[in-house]
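Participant: Chains as they are written, first to last, in the numbering used here: chain A, 4 to 104; chain B, 4 to 104.
It should be emphasised that the hints constitute simulated quantities derived from the structure, not laboratory data. Don't take each hint at face value.
If chains are identical, the list can't say which one is meant, so a pair holds when it fits in one copy or spans any two.
[To be verified] Heads up, simulated DSS-like pairs for lysine-lysine below, C-alpha to C-alpha not over 27 Å straight-line:
| # | residue 1 | residue 2 |
| --- | --- | --- |
| 1 | K22 | K65 |
| 2 | K65 | K19 |
| 3 | K19 | K74 |
| 4 | K74 | K22 |
Number of protein chains: 2
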Amino acid sequence: MELYDIKRINYEAQAKVMKALAHPSRLLIAQALMDHELCVCELRELLQQDLSTVSRHLSVLKNAGLLIEEKRGLYVYYHLCCDSLRGFITALNQITGEATQ
Amino acid sequence: MELYDIKRINYEAQAKVMKALAHPSRLLIAQALMDHELCVCELRELLQQDLSTVSRHLSVLKNAGLLIEEKRGLYVYYHLCCDSLRGFITALNQITGEATQ
DNA sequence: TGTCTATTCGTCAAAATAGGCAAATAAGGC
DNA sequence: GCCTTATTTGCCTATTTTGACGAATAGACA
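All chains, full assembly: derive it from the sequences and hints.
Facilitator: Structure (structure tokens):
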């Protein structure tokens, strides 16, 4: 496998992560989960959207490997996968402060 | 304007930036430009795609405020808008190292 | 002026995404 | 077992995105 292919695959993986976060609702979810875990119906309150829509957003984030889900009783709680995601969101906040005003 | 609305607008702006970068070709472009500026035809070599396609990708990044273009002679040179974009891409590299293996 | 070359734009078809409704699934309590 | 609540999934439609081709624009230079 050539270096070019390795890099290409790398960009596909990165794009997958970026795509997962490239939506206002999913950014809201990610930033809400920086503080503490939340269940689907709590996130529904925040997003003010149909439960099925919220659930779909969550599965997008989960499939990208960004969220962990944990079922306890009736509820499914979601939390961020890792600390580097926090660093990433912080970096995003910096960028949007500088680049888009 | 409520806090909710302010945050909402913020997430729209952030999503715009994320969306602009949420494509393998555009990530490749961004990371190539971390080292030095490049013109459209040089980027075409890298991406191995139609010139019009490359141009469109560049305009997406430019419209998101991430690239600066500078015309010199026949060529249009592109470079990253700011240093915080470098930090952002570095953070992305960390995430994809941890989250998607 | 005309003729290169580099780049962008108009248009189109194929593919992916978003969001809602209703039905299905899962777990708890009676 | 049944009933209630939380969540996911199937299906549908509307919108957006991608990428290519060809036409149009812009600058350099004879």
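Participant: The structure should be examined with respect to each hint, and the outcome stated for every one.
Facilitator: Consistency of the hints with the structure:
1. Both within a single protomer and between protomers do K22 and K65 lie at most 27 Å apart by alpha-carbon distance, with minima of 12 Å and 18 Å respectively.
2. For a Cα distance limit of 27 Å, the shortest separation of K65 from K19 qualifies both inside one copy, at 11 Å, and across copies, at 21 Å.
3. In this assembly of identical chains, K19 and K74 lie within 27 Å of each other by CA distance solely inside one copy; the values are 25 Å within and 33 Å between copies.
4. For the identical chains of this complex, K74 and K22 are intra-copy neighbours only, at 26 Å inside a copy versus 31 Å across copies, given an alpha-carbon limit of 27 Å.
Checked against the numbered hints given earlier, this structure breaks none of them.
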